[in-house]
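*Asks:* In order, the protein sequence lines correspond to chains D and E. The end of the first sequence is residue 327 by our numbering, with every number in the run present. The end of the second sequence is residue 324 by our numbering, with every number in the run present.
Check each hint, because a few of them may be wrong.
[Stated by the list, open to error] Label pairs and their in silico Cβ distance ranges: (1) D/141 / E/271: 32 to 40 Å; (2) D/202 / E/159: 45 to 53 Å; (3) E/273 / D/202: 31 to 39 Å; (4) D/258 / E/34: 28 to 36 Å; (5) D/249 / E/186: 40 to 48 Å; (6) D/255 / E/130: 23 to 31 Å; (7) E/186 / D/255: 40 to 48 Å; (8) E/215 / D/260: 46 to 54 Å; (9) D/156 / E/153: 25 to 33 Å; (10) E/271 / D/248: 25 to 33 Å; (11) D/219 / E/259: 47 to 55 Å.
[What the hints assert, rightly or not] Listed next, the in silico DSS-like pairs over lysine-lysine satisfying Cα-Cα at most 27 Å (straight line): (12) E/47 / E/78; (13) D/269 / D/203; (14) D/132 / E/32; (15) D/203 / E/214; (16) D/260 / E/234; (17) E/214 / E/32; (18) D/202 / E/214; (19) D/74 / D/48; (20) E/78 / D/206; (21) D/111 / D/295.
[As the list claims (entries may be wrong)] Output of the computed footprint for chain D on chain E, the stretches with three or more beta carbons under 8 Å from beta carbons of chain D: (22) 139 to 148; (23) 171 to 182; (24) 213 to 220; (25) 228 to 239; (26) 316 to 323.
None of these hints come from the bench; they were simulated from the model. Each residue gets a CB set at the ideal place from its N, CA and C atoms; glycine is no exception.
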Amino acid sequence: MVNIGIMSFAHMHADSYAACLNTLPDACLAAVWDDNARRGRAKARAFKTRFINKLDAFLASDLDGVIITSENVKHRAMAEAAAAAGKWILCEKPLAPTVEDARAIVAACNKAGVGLGTAFPCRYALPLMEAKAKLDSGEFGAVYAVACTNHGQAPGGWFADEELSGGGATMDHTVHVADLLRWMLGKEFTRVHCELGNQLHKKTLKTDDLGSLNLEMEGGIQVGHLASWSRPVSYPTWGDVTLEIICEGGVINVDAFNQKLTVYDDKAKRVNWAPWGDNPDLGLISDFVEAVRDKREPSVTGIDGLRATEVTTAAYASFRTGTAVKI
Amino acid sequence: MNVAILGCGGMGRLHAQMAVNCGLRVAVCADKVRPAAAGLAKDFQAKAMNDPMAAVSAKQVDIVVITTPTPTHKALVKAAAAAGKHIFCEKPFARTSADCRQAIAAADKAGVKLFVGHVVRYFQEFEAMRAQVQGGAIGAPGWAKLYRGGIYPGAPGSWFRDYGQSGGVTLDCMIHDLDWVRYVFGEPERIFCQALMRKEPVQVDYSQVTMRMKSGVIATVIGTWAHPAGFRVKMEICGDSGMVQFDSNDAPLSAQPRQAASGPSMIVPSNPVSVSPYQLEWQDFIGWINGTSTPRVTAADGLRAVEMAEAALKSAAKRQPVNL
Chain D
1 MVNIGIMSFA HMHADSYAAC LNTLPDACLA AVWDDNARRG RAKARAFKTR FINKLDAFLA
61 SDLDGVIITS ENVKHRAMAE AAAAAGKWIL CEKPLAPTVE DARAIVAACN KAGVGLGTAF
121 PCRYALPLME AKAKLDSGEF GAVYAVACTN HGQAPGGWFA DEELSGGGAT MDHTVHVADL
181 LRWMLGKEFT RVHCELGNQL HKKTLKTDDL GSLNLEMEGG IQVGHLASWS RPVSYPTWGD
241 VTLEIICEGG VINVDAFNQK LTVYDDKAKR VNWAPWGDNP DLGLISDFVE AVRDKREPSV
301 TGIDGLRATE VTTAAYASFR TGTAVKI
Chain E
1 MNVAILGCGG MGRLHAQMAV NCGLRVAVCA DKVRPAAAGL AKDFQAKAMN DPMAAVSAKQ
61 VDIVVITTPT PTHKALVKAA AAAGKHIFCE KPFARTSADC RQAIAAADKA GVKLFVGHVV
121 RYFQEFEAMR AQVQGGAIGA PGWAKLYRGG IYPGAPGSWF RDYGQSGGVT LDCMIHDLDW
181 VRYVFGEPER IFCQALMRKE PVQVDYSQVT MRMKSGVIAT VIGTWAHPAG FRVKMEICGD
241 SGMVQFDSND APLSAQPRQA ASGPSMIVPS NPVSVSPYQL EWQDFIGWIN GTSTPRVTAA
301 DGLRAVEMAE AALKSAAKRQ PVNL
C-alpha cells in the first residue's frame, strides 16, 4: 500500500485527487495537512482520513509521497519541506508562479533525490491522447499551426489575489495547453506575444481575466492560445480545453471534455453539461502512485512544470513591454 | 440604370443577379477570360467584352461592378470614376491602402458614388449579434472572438494562390471580420498577427490575430484557408455579465446527398434568409445613388479595413505588434 498525504485543500482539484486516491486499490490517502486547520479537518473527515495539525509531524509520518494543492505562491516552501523529508511530490499546476520558484522546487527535489511531478492531467485525457497518437502516426504529416483555448469560469477566492496566485486567468490557464503542446509535438516554445484583459470581471477581480497569446515553437510552428475566465456563471460547464491543429495532411480538432450529456434542470432553473468520459485525474494519480511505489520520476516531471511556467511568465513580460519576447 | 460587371467569376455572377433583383439591367459582362464573359453575358442577355478597362467607359453603363482580382481594383475604380460611373467595388477595396486612397480621391474628384462590398455588415446573424451586444445583453463587451474560413479558394494557378496578389486569407477573407470588429467596437489601437502563407508542399494559409481596440476591447480573430473542405463562421462576444455565441455549423438545414459510387459527400449546412445580405447591400448602394439613404459601409471603411489587414501582414513579417 502506497501512503499519500495531501498538503492543503486550497485548490479545488485536491478534492478530485483525494477521491482518486480512495478509488485506487493499492494507494490510500493516509493523512491531510493544511495551513487552514479548519478546512483540513473538514476535508480529512470527508475523505475518511486523519488530519495532522503540525507540518513537522505530517512530514515525519509514514507517508511515501505528498500532493501539494495549496495556493500557487506556497508551492515552493511546501515542496522544499516535503523534499527535505524525502517525500515524493506531485505538485498542482502551475508548478510555481515564477521561474525562480519553479527552479528552486526542481533543485530541492534533485538534491533530496525524490521524484517530482507536475499535475497536468490533460496528458491523461483520452481525446488528447488519441490526437497525439494520430500526430505520431505520421498520417497528418508536419504540424504548421495550432489554435488552442483553455476557458473557465472565474474561480474567485485566492485565484484572484495576485499575492497568492501570482497572476490571473493567464497564470491559471496557460500551462495546461503549453504542456500539452510540448508533449504532443515534442518541441519547445521559443517566443510569445500576449494581450491581457481585465474587463470581464473588473468589479470583482484585480488580476487579468483573459489572455490572448500568440506563440512560436521550435521549427516555426505558430500557436494561438486563449487563456480565460470568460465563461459566464450561467454557462453549462466549467470551461474547456480545445485544440485546432493545422497539419500538412489535414486538420485535427479536439474538444477534450466534450463527452457530456445536456441536462435541463427545472428545479435549479439551469442547463448543465454532465460529463461521462473517463476521468483524466485518475490517470494522473495512478501514475504518481506507481512512481512512488517504484521510486521513479512521475511521467510528467518538474521540468515539464518549469517549462510551462517559463511560457506563462514570458507572456506576462510580453504584455508589460508591449513586444513579442523570447522564451 | 445599366450595370457593367467587370470580372465574371462567382462574385460577378452573384452581383449581376442582385442588380437584376434591384430592377437594374446588366448591360455588359467583361472578363479577360473569354468563356467567362460570354457565359455570364448570355445568361443576363448582356454584351460580352474581353477588356474590363474598355468596358468601364461603355456608353450605356451607369454602374460599374468590380469583381476582378484585388490588385486590379484601383485602376478600374479610377477609370470608372473618370468615366463618370458609380462604382460597386468588391472587398478587399484594393491590394494596398495607398491604392485605396487613390481610388477614393478619384471618386471624390469625379463626384461618383463609390461603394465597397463589406457584405458581412449586412449578414443577419452579424446584425443580430450587434443588436445583442449594443442592446446590453452581455453587459459591457470585453472580448470578441471571430473565426472564418475553410478550404483554400481558387484552382491551382488562380490569383488567390499568389500571396502577392490576394494577400492570403488575412487580406482577402479575415478582412470581413477586421471590418466588423471595428464597426461594432470602434477603432483599433494595435494588432499582432501570425500567418502561415504556405505554398509547399500544400498551399494553406492560417492567420491568427490578436487586436487591441482603443476602447480596451480585445479581438481574437482566426482566418483559415487551411481546411480540407467546407466553410465555417464562428463568433463569440464576452461581456461583464454574459456571453453570446454563433456557429454556422448550428444550422437549421443540412442536406447530404447519397452518392452511389464516389464515396461520402460533404454535408453543407444552410441558413436560409428571405433577403440575401448581398441584396441588402445592393439596396443600400442604390438608395445612396438615388439620394434616399446613406450606406452602412463607406469607401473610408473599406480603406480602414485594408489598413488593418496590411498592419496584420506587417506584424506577421516583423513578428512584433504594429500600432494602427
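*Asks:* If you draw a straight line from the CA of residue 260 of chain D to the CA of residue 234 of chain E, is it 27 Å or shorter?
*Replies:* holds, 21 Å
*Asks:* Lying within 25 to 33 Å: is that true of the beta-carbon distance residue 271 of chain E to residue 248 of chain D?
*Replies:* At roughly 32 Å between Cβ atoms, residue 248 of chain D and residue 271 of chain E fall inside 25 to 33 Å, so the hint holds.
*Asks:* Is the coverage entry for the region 228 to 239 of chain E by chain D consistent with the three-residue Cβ rule at 8 Å?
*Replies:* holds (count 3)
*Asks:* Given the range 47 to 55 Å, decide if the beta-carbon distance of residue 219 of chain D to residue 259 of chain E lies inside it.
*Replies:* Violated, since residue 219 of chain D and residue 259 of chain E (Cβ atoms, about 39 Å apart) do not stay within the stated range.
*Asks:* Starting from the hint 40 to 48 Å, judge whether the C-beta atoms of residue 249 of chain D and residue 186 of chain E obey it.
*Replies:* holds, 41 Å
*Asks:* Against chain D, does the region 139 to 148 of chain E show at least 3 residues with beta-carbon separation below 8 Å?
*Replies:* holds (count 4)
*Asks:* Taking beta carbons only, do three or more residues of the region 213 to 220 of chain E come closer than 8 Å to chain D?
*Replies:* The restraint on the region 213 to 220 of chain E holds, since 4 of its residues have a Cβ under 8 Å from chain D and three suffice.
*Asks:* Does 25 to 33 Å hold as the CB distance between residue 156 of chain D and residue 153 of chain E, or does it fail?
*Replies:* Check failed, 46 Å falls outside 25 to 33 Å.
*Asks:* Tell me if the beta carbons of residue 141 of chain D and residue 271 of chain E are separated by a distance inside 32 to 40 Å.
*Replies:* holds, 34 Å
*Asks:* Tell me if the straight-line CA distance from residue 214 of chain E to residue 32 of chain E falls inside 27 Å.
*Replies:* violated, 44 Å
*Asks:* For the pair supplied as a hint, residue 47 of chain E and residue 78 of chain E, is the alpha-carbon distance within the 27 Å limit?
*Replies:* Answer holds: residue 47 of chain E to residue 78 of chain E is near 22 Å, not above 27 Å.
*Asks:* Does residue 32 of chain E lie within 27 Å of residue 132 of chain D when you go C-alpha to C-alpha?
*Replies:* violated, 48 Å
Consistency with the previously given hints fails for numbers 4, 7, 8, 9, 11, 14, 17, 20 and 23, ordered from lowest to highest.
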